[in-house]
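Residue-level listing of the chains:
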Amino acid sequence: MSSDEVLLSASGVSKRFNVGSRGLLGGRLQLSAVDNVSLEIKKGETLGLVGESGCGKSSLARCLTRLYDVDEGTITFDGRDITNLGRRQMQPLRSEMQMIFQDPYGSLNPRRRVGSIIGDALAIHGNRGKGTRRQQVQELMEIVGLNPEHYNRYPADFSGGQRQRIGIARALALKPKLIVCDEPVSALDVSIQAQVINLLQDLQREFDLTYLFISHDLSVVQHISDRIAVMYLGRIVESGPVEEVFTASSHPYTRALLSAKPIADPRAAEQRDRIVLAGDLPSPISPPSGCRFHPRCPKAEQDCVTVVPTLEILRGAGPDAQRVECLHPLEADQDLSSFTPSIADTIIGADAAATGSREVAS
Amino acid sequence: MIRFIFVRLITGLLVVFLVSVATFLMFFAAPNDVARTMAGKAATPETIALINHRLGLDQPLWHQYGHFIWRALHGDLGYDYYHQRSVVSIIKGAAPVSLSIAFGAAILWMILGVGSGIISAVRPRSFMDRALNVLALIFYSMPTFVLGSMLLFFLYFKLTSAGHAWFPAAGYVPWFGKPDPSNPQHGFWPWMHHLILPWVTLALVTAAAYTRFTRGSMLEVLSEDYIRTARAKGISERRVVFRHALRSALTPVVTQFGIDLAILAGGTVVTEQLFGMHGLGWNSLTAITNQDLPVIVGILLVVSVFVVVANFLVDLIYAVLDPRVRLY
Amino acid sequence: MVLLHVTDLNVSFDTDDGVVKAVRGISFDVDRGKTLGIVGESGSGKSVSTQTLAGLTRGARVSGSAQFDGLDLIKASPSQRRSVLGRKIGMIFQDPLTSLHPAYRVGAQIVETIRAHDRSISKRAARLRAIELLGMVGIPFPSERVDEFPHQFSGGMRQRVMIAMAMALDPTLLIADEPTTALDVTVQAQVLELMRKVQAEFGTAIILITHDLGVIADVADDVAVMYAGTIVERAPRDEIFYQPHHPYTEGLLDSMPGRVERGQPLRPVKGSPPSLIDLPPGCPFAPRCPYRFDRCDQEVPVLQTVFGDEQHQSACFLPTEIEERKALREQLVEKGGIR
Amino acid sequence: MSATPATAPPTAPKTTIVARGPWALAWRRFRKDKVALIAAAVMAVIILVAIFAPLINSALGQDPNYQDQVNGLDVNGLPLGPSGAHWLGTDALGRDVFARLVYGARISIGIGILSTGIAVAVGVVLGLLAGYFRGIVDVIIARLLDVVLALPVVLAAVALVAVFGQSPLVTVLVLAFFSWATMARIVRGQVISLREREFIEAARSLGASSTRIMFVELLPNLVMPIIIYFSLLVPVNIVTNAVLAFLGLGIPVPTADWGGMISDAEAGGLYQQAWWLVFFPGGVLVLTTLAFNLLGDGIRDALDPRIERLLRK
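The listed protein sequences derive, respectively, from chains A, B, C and D.
Our numbering numbers the first residue of the first sequence as 7 and each following residue consecutively.
Our numbering numbers the first residue of the second sequence as 824 and each following residue consecutively.
Our numbering numbers the first residue of the third sequence as 272 and each following residue consecutively.
Our numbering numbers the first residue of the fourth sequence as 46 and each following residue consecutively.
To be clear, the hints were calculated from the coordinates, so they are not data collected in a lab.
Heads up, some of the hints might be wrong.
Stated by the list, open to error - Computed, partial: chain C to chain A, Cβ under 7 Å:
{"hint": "1", "residue": "Ser-336"}
{"hint": "2", "residue": "Ala-460"}
{"hint": "3", "residue": "Glu-532"}
{"hint": "4", "residue": "Pro-561"}
What the hints assert, rightly or not - If you want the footprint, here are the derived chain D segments under chain B, 3+ residues with CB under 8 Å:
{"hint": "5", "stretch": "277-287"}
{"hint": "6", "stretch": "316-326"}
{"hint": "7", "stretch": "332-342"}
Unchecked claim - EDC-like mimics (lysine to aspartate or glutamate), calculated; alpha carbons at most 20 Å apart, straight line:
{"hint": "8", "chain 1": "C", "residue 1": "Lys-541", "chain 2": "A", "residue 2": "Asp-163"}
{"hint": "9", "chain 1": "C", "residue 1": "Lys-541", "chain 2": "A", "residue 2": "Asp-10"}
{"hint": "10", "chain 1": "C", "residue 1": "Lys-597", "chain 2": "A", "residue 2": "Asp-271"}
{"hint": "11", "chain 1": "A", "residue 1": "Lys-183", "chain 2": "A", "residue 2": "Glu-78"}
{"hint": "12", "chain 1": "B", "residue 1": "Lys-981", "chain 2": "D", "residue 2": "Glu-311"}
{"hint": "13", "chain 1": "D", "residue 1": "Lys-77", "chain 2": "C", "residue 2": "Asp-285"}
Every residue gets a Cβ at the ideal spot worked out from N, C-alpha and C, and that includes glycine.
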């Protein structure tokens, strides 16, 4: 299990993208994908990163693995500052951090044979001869539950679940320290999804892996993670050990997210207090002022519009602390649905009165 | 939308500029012996130098280009080497001929091509679809001059020699304006009568490509989710095809049309040659044989500008057809 | 009261690789004002079956019958079917972006639905109705947004537009084909809430197709579980969740994270679904089934009443007595057959 | 059920196809396409004729350039119609039409394939660079494309040949110059969509270099559009070459060339007396382009069965 040693840490990381310009000669439009994010991943643990699409979780992962250059902040991997390393300097480190991708169809080159896809890492990093490479690849295939005889087949010959196993074997080839799993089971059917999750957990035990596990599926994250971080519009709004965040969430967004989570248990589903958040995710091109969640927050107060909250420790200490980025965090026994916003420009207010600020279509 | 138009306009101007450089360099930078041709076989080096000087061919290239573009901007494309006619007047005389051929053919081929493409796509694998496909493929594989020769041979020569002079032989008859002294005919019907065969020739060859293209585009659109939605709304199949599918299917067809304009401009060369019409193509061919550089460059430039402008219009149509592109 | 009565529906497609039997002899009923959830994984035939009812599976070979409002949807002529579609049956689909025409304003698309079935409604009146509908589904500023294009809406708003369009003529049946799959959880909750509201207000029956048992648990009254083109189990919602009979239903539920303690491995269904071209001779689930015995490989099980409950039917040879069935499950868990 | 089978089933039924790579699948589909197979056979014959032209003509005892003024023309000096001595008749100079057609195949097909090859190579490289690097590289290549696409092809080609002189090499280069742009455009578009795919990102996360990504990851995915475009472009270039010849700017005389033969026949309306002078070269030209196009269609359907998938017969 996890120790207290930190494998990867990020502090104040921001990433912006240029997305064209406004009007004829107007200034550049920038999309703030990741905004001032700090987090730590401990050796051997699984950190779950949750959030809705467009919240910046994938961009954050790509900043952490330095597939993207970051605009601000520092990233330390295994005790080494990797924030400003160039492509060549990163090259040797690439073997220590690997990724598993979401789309079992898009993440494998359809025109290449499975053997050479899995062996890619060995070809790029190793100077091992071809005979041993084939042998190594076939061992990997066996480890992830693929038939090694299928070495020469194309991805199209495999089902979604099997393809995901190919992606896992590819990531595993160099025995990395960190694997970033970017929605690895979202595209899979339920019965297959469970197979892949079990495989990931088995591999973690066997090879002492550290996972950054990105998903929008709270049930999956809850099952697999030791700690989780919840993202909203480019910022981490709450983080902490999984039990604490799931049972005693303090950020209104986390609370709403948890209550919207579909539960495959009709009685439990009927019993819980459902909070249906109004509106959609605002555009990251012009995020709301103050707390980015304030227009959708039932508990928003006047200062939420102007004051930008920071991620503060709520309880505990060190990496295992529960942190929340909210000016008015919820107490464990408080019920979010009992609140009505005290400010006028929330979308909830707009919904009720059919007036108010107009939301930005994403 | 304004931004979209602005960006397209700038790009268009840039392309026109580059085209002018390209055409100019192509001809004036390449080794040529215009002077020798003009001076005749017995010319002395001095005569040749004199001619070169008179034509400005002894000046540095950039100087020649600067001079050329400056005058071009003032609506002067220079004079032809042999008869000292202004290139602009040559183009003015010839353009109506080429435009008549091109526009008529384009309208005809769009109707034929898009129409048959829709028929094909709505009932794929039907007899009609297969028949249209075979026809399209045959015409698609047929070079313009082969089809034109055949039409001339059967519809003009054979019919006329059999006593049915349904089609005129060759030559262009203007719709408007002063009748040519050598050819007293003019007016709408004679104009059209003379253009039927060229139109059919050019249109059939190109329409075939559009049949295939429209069919593919329609089939693709018909498999879109929003077509399923339209059907789920219970609206008539006719409306599904013409209101929902065609609107989207036409966007790539319109784009293709923009690309084909340049080919169309070339297509009239062959047609003019076949049917003895003295349009831009015929004039430039004559100029090419005589190495009459200002005429070649002038015509190429004007045709290219026409293509760029037409493409700009095509882009605007595109933006009307698909509201999503207005975002850019 | 039965609104839609489907019997022995078969749908197959000819492909280069052979005949794909997408739907094989399924029967189900939908009651007025109720929600039938059809759950199944990709390729189980759940979407094909309902789209066939609407005549949207072109080029397919179809047999069976589907009685709806005095009309057999399968044997109906295209024009008969069109008179029902959009007016009495509304449909919404998985991806609201691709399901709306990109080149027409959303208002025009709703107006078209209204006027397709009643020419007597003026354009102006239809437009006012469209604005009213957009307001009803919770789109702010409906009188402005009615003139916007689909790409100017967010995913959740687009699905609301789809719902507004489907509900335009107050249909008695709404077919929702994976309506929330492409949406985020918080937006998904909004859309499900809206569907519930619409149902409560207009008494619309809903067929909800999904792969997500969580969505089913939320909104379905009755559930049909599909596997490899057939319905393997059919029961009221709570029966499915708390007393599943078919091993596939059981397996689906077991696969869900949250059904086991954290730190324990999940209990996936082993293997993957069969090809719909060459199906196994017996029960299609047999190759993946932890209970499988010889009979399963030779004989195809048909739906039969289980647990003495007329409404609960399962296509499986396992004992139909509740105690026996439960005992078998416990044995299996003990042996570690379900991991 | 429905009278008009048109579109795909809404949810494509999942099928498991065991152990067949994309090429094997394509070949399987191609083998079933009778029309394409016939076209391929016709193509093969034409190409063989082109390769063995000297052998064929010497076996028949005909010389394509021999001007038989005595036996090759009738008493009025007009060309002879098809007969036992001259299968397809003779031309205005008493040369054997069949022998010239056989030799013409060399020129037409050789130039068609060669120019297309150059165009495709240039187009692929530029398209790959533009699509992969984007930015300034893309802008430059895109403007270059615009310029080439704005030039009226035939007119400019004729002018270029006139400037640089008539020779097979000039013709090949000129044809290539006007046809690389479309290939570059297609490749660029493909690369732009491919580079967003996760497998490219996967390669990057493994530390693969740009060169490796372009040639190991991207290029294999471009092979199919390249083959498809190649097969569709060859007939276009064969025809354009014939058009150049028809306009009097083809391969220099006396080399036999199909377009040139038709051009000769058109001169002075000779073909109105001697129909075979246009009919045979024109027919062979149409047959060749038709065979190429049918083959191209077949290859496209086999490699990229999108349309067929839409139909799902």
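Hint check results:
For Ser-336(C), the suggested interface contact is broken, since its CB lies about 30 Å from the closest CB of chain A, more than 7 Å. Interface hint at Ala-460(C): satisfied, since its Cβ lies 4 Å from the closest Cβ of chain A, which is below the 7 Å cut-off. Because the smallest distance between the Cβ of Glu-532(C) and any Cβ of chain A comes to about 10 Å, over 7 Å, the interface hint for this residue is violated. Checking Pro-561(C) against chain A: minimum C-beta separation of about 12 Å lies over 7 Å; hint violated.
For the stretch 277-287 of chain D, the stated coverage by chain B is satisfied: 3 residues place a CB nearer than 8 Å to a CB of that chain, which reaches the threshold of 3. Coverage of the stretch 316-326 of chain D by chain B holds in this model, with 4 residues showing a Cβ closer than 8 Å to a Cβ of that chain against a need of three. Closer than 8 Å: that is the beta-carbon criterion, and the stretch 332-342 of chain D has 6 residues meeting it against chain B, so the requirement of 3 holds. Restraint check: the Cα-Cα separation between Lys-541(C) and Asp-163(A) comes to about 19 Å, which is no more than 20 Å; the hinted pair holds.
In summary, the hint linking Lys-541(C) to Asp-10(A) is not supported, as the alpha carbons are separated by about 36 Å, beyond the 20 Å threshold. The hinted pair formed by Lys-597(C) and Asp-271(A) meets the criterion: a straight-line CA distance of about 19 Å does not exceed 20 Å. Taken as a hint, the Lys-183(A) and Glu-78(A) pair is broken in the structure, with Cα atoms around 25 Å apart against an allowance of 20 Å. Straight-line distance between C-alpha atoms of Lys-981(B) and Glu-311(D) comes to about 15 Å, which keeps the hinted pair within the 20 Å bound.
Using a Cα cut-off of 20 Å, the hinted pair Lys-77(D) and Asp-285(C) holds, with the two alpha carbons roughly 16 Å apart.
In terms of the numbered hints stated before, the structure departs from hints 1, 3, 4, 9, 11, listed from lowest to highest.
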